[in-house]
Amino acid sequence: MTRSWMLLTLALFALPATAANLRYAEDQAPAIVNPLFGSTMAEARVNELLFDGLYTDNQDLATTPALAASGELSPDKTEMTITLRDDVTWQDGKPFVANDVVFTIQAMQDKTTLSTEAGRAAFIKTATALDEHTVKLKFARPESRPEDKLLFKILPAHAFAGTSVKRTDGFRNKPVGTGPWELVKYNEDNSVSFTTNGSYRTPVGLSEMTMREVSDKNYQAKLLLYESLEALVRVLPRDLAMLQNNRKVELYPYQTNSWWYVGFNATHAPYDDVNVRKAMSALVDVPSLLAPVGTGDLLSGPFVKSSPYYNHDVNPVANDENAAETLFAAAGYTKVGGAWSKGGKPLTVRIAAHQSLESAQEVAINLQSQLQSAGLTVNVEFLDDAAWKGRVWREHDFDLILSQWTFDRNEDVREQFHSQGARNFTGYKNPEVDALLDKARDAADPFVRKTALREVHKRVHDDAPMVFLWTLDSYAAMSVKVKNVVIHPFYFFTFATGWQMK
Amino acid sequence: MSARTVGLGLVGALILAWVLALVAPYDIVADVNPARASLGPSGAHWLGTDHLGRDVAWRLLLGSRAFVAPGLLTAAIAGLVGGAAGALAGWFGGPVAALVRYTFTVGASVPRFVLVLLAGAIFGADPAVLAVATGLACAPAVGEAVTCRLEELRRAEFVLALRAHGVPEGRILGYHLLWVNARGLVARQVLQAFGFFLVVETTLSYLGGFGVQEPTPSWGNMLAFEFGIPDGNLLAWMAPAAAIWAGILGTALLGQDLGLREGARHGR
Amino acid sequence: MTGPAPAPGLDEPEVVLPVSRRGARLLGAVAMRVAAFVATVLGAVLLVEVLLTLAPGDAIDLLPNGDELRVGLAAEWGLDKPLPERLVATLGRMARGDLGTSLTWRPGASVAELVADTGARSLLLLAPALLLGVALAVALGAWSARGGTRLLRLVQAVSVVPAFLAAYVLVMGINAATWALIERGAIARPDWFALPDTPSAVRTALAIGVLAVASGGLTEMHAACDAELRRLRAAPFVDAARARGAPTWPVILHNLVPPLADIAASRAAWLLGSLVVVEKLLLYSGAGAALWQACRLRDYPVAIGITLVAAIVVAGTRLVADLVRLAVDPRLRSAG
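Protein chains in written order, with my numbering: chain B, 520 to 1021; chain H, -15 to 252; chain R, 68 to 403.
By construction, these hints were calculated from the structure, which means they are not laboratory data. Possibly wrong hints are sitting among the right ones.
To be verified - From chain R, some residues computed to sit far from chain H (all C-beta separations above 12 Å):
hint	residue
1	L93
2	T157
3	I241
Claimed, not checked - With a Cα cut of at most 25 Å, we get these calculated SDA-like pairs of lysine to any residue:
hint	chain 1	residue 1	chain 2	residue 2
4	B	K668	B	R933
5	B	K1000	R	R100
6	B	K969	B	F926
7	B	K693	R	A179
8	B	K969	B	E930
9	B	K767	R	R251
10	B	K1000	R	A253
11	B	K655	B	A680
12	B	K644	B	N618
13	B	K1000	R	A243
14	B	K1000	R	G252
15	B	K657	B	T602
16	B	K767	R	A179
17	B	K1000	B	A539
18	B	K736	R	T265
Nothing here was measured: the structure is a model prediction, and the numbers come from that model. For each residue, glycine too, the CB sits at the ideal point set by N, CA and C.
All chains, please: the whole structure from these sequences, using the hints.
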């Protein structure tokens, strides 16, 4: 018995994992390595390296067990009994037990933890450890597919003093997870070094990884070409041509569940009038906006084209100046001296664009040009992150906004379109859509959910609170030295255990 | 070619560009045309187009507008605020001087870029705001220079003589000391502030999208927009870079010339 | 007293005081300068805190579910109090030596540690840049004294390039040239390649060079040194040395030290601004880059902590310059 374990261990070490160091670039180093407090994509990616969840995605992006071995849902769908794997150890050597799962859920829900992930565990009412490797979860409502929501990362109970965790907690300096890599150290130059977790349950192809902070976007692609980096998470559209033609670099396309939009502020005139909104939507030539930025799918509603909820019977708004004129007239506007005016006042539009959104500048300037040539006076403002939150989220001080929404697999658009949604700052209110969104949330049957959301797509398209633009094709770039590359569109490193480097 | 000639020539070109820009028949917003992006120089576009298809030569000309007027505002504020405060401190001495110098030193202790950045964040990234903020950030340097000069001179014999002749204090301070003896010094500092505004605007445009906002062209945001575009039109960023360099060089040369003449007058 | 020393001939007549009175005056002068130093540092800190608080959006806004967490986080981070109370609280904490913990940039990390680490790295750039600038300026001054204006023009033309442009062009140029050589097999891949990603002596040297020279830094330093040199060369004691047949340079250099100390002190403040730019462009993790990030992320404790250190450096160099001048210039000691 012992000999076969020894042979197996030797076999693991005999893998072609040489001292291969994969260096990848981030715009900003992760501020805090603790899944309870993650707030940026860079942190999400690092958490993907270091930690596991009960479930994860497989390469077809379907939910598959990770730390859970199997799960059983009760007939009334309000309880789930999960049997955990018994061969998992934390990176500090202690065994993974059910209490860790219970602790994680309680820490996420603990009001004094002030976790950014509190919402993700809100659907769980209680979690109890039945024995060392079994957990029972009770849900607040019947859940048809709870495993889709159990992707959050599990933390070790023994590394914390209690469920009230603070950002200042020392865990961030020496994080302990069950994931395929462990954090070695934070280096002086803001880079972070990772090494393979020797006790991981599957073989890991790359022995070392380094995250480097390259905050200047002009350098990232060049550093890849100069072989100072092996991976770029997202290539800027303007660098694509340069990397495409290079033999040492391989481009991997992927699509995130995100879409760009131009939102109207329906809380004040004149954008509370659907005719004005539709008129302006008809003035926008969307393909022409997309062309300088990259390639992607043009959309007619709030889901990505490959989503089951996308309503393919609804077409994107056509760029039609005549239609726009009719609609403006219906809203009481006349063209005076080339400018659309009502009551003697020409229509002035303020567009607020998100400064940190890549290529937002090109789109906003182009959009301004299009609208202005059609007879509107347009001003554009670029707001940084903090100002965006202040002006757009809290004060609703804008006419139009240009931005992007990104969703996880569940594509829950309730926050954006429900009249009580926390992110509904276009001020959209439609009681029928509210009812449909509630129905979709409570639906135990996936088919009912699909039908409801497709109807939401249609209604939202007709009410035109936003001009839906596109889903941008994203590309990751890797050195050709890295083999077996499969990329997760959201977390990037989910399948990195299979990557290998010459 | 002396420093003065080159300096005057460059600054003159700058002013000329600004005047031309005031009457230029070019619509910033309407010129967007992605179909003709990143073209090289041609008859229609003397310096080619940027990656949104906008004409670089026109934008270069108009970019001077974003710099000259706000730069003059910076210079005026630095000169007036710094000069006035410095004069007060230098003339009256004692606690007034101590307070004014304290304010100057506090202002000088925070990096100027950060002061302007924060001002832009609070009041909006408007060129006027940046100009005022930069002017105030440069005022301490002007003030310190004026204070030192006045402290040297206020006990000088010619001042005692003027007083003995019954010349009013105000005229001694305003004309004899400030105008005759300190104007070159202030002019030099103010010219430096003008040049510094160009540096600040271009740097903040590149670093963080502060400075003049698109689509209004400024040499700084033209640089930021076109930097690092592979297969782009090189002139689209080299032209504004050259313009920035020429502008700062012109003001530096002029300032140096002023400084030399001023030094000669004071026997240094 | 900062700025150039009073010109000879315009001084008040020297008063010779007994030793104990002189000592007391000296002590008083030093004490006043130290008090001014402390007041300056406090003023700078308060200025930055006020500006940061006025800027729209705060640290909580940057979190995805910030609105839900606002009440709890505002209490934990002390953001729910009005501005005057916060200012007092900041000063109180600093008096106890507690600079707080970072909110959003490196959450939970001690600001004192962050500032010490980044500050030390920035000092590694700042001090050599200052010394290099002074040395180059004096050398240029000596050269131009012999009528070498062409070199001067060349240096000026190079020096006025803004720092970010110089850094970017140099980095891209050096990288491209080195890569061409590597691809051709002419050289092995150097350790420092590729800039600016890899920390190395080459990157540090580039940073120091750009700091000292670019954005008109060298030109201004040279102009200031030049003015002093001209004044000294015309001074009577230099004439006396020349008449004696002794070399004039030692005398000039000796008298150059106090004004150079002044010039260096005023340059320090200016260099701090350039430091932010150079560190960002060369991906150098020093205090300048940290301050920029802290302002962008509304991380008040870090921004205030770094401002504190920056103000200490600026006001401190001024204090040192003043003390050097007090020590070296006998006239100032007796005239107070």
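Which earlier hints turn out false for this structure, listed by number in ascending order? 5 and 16
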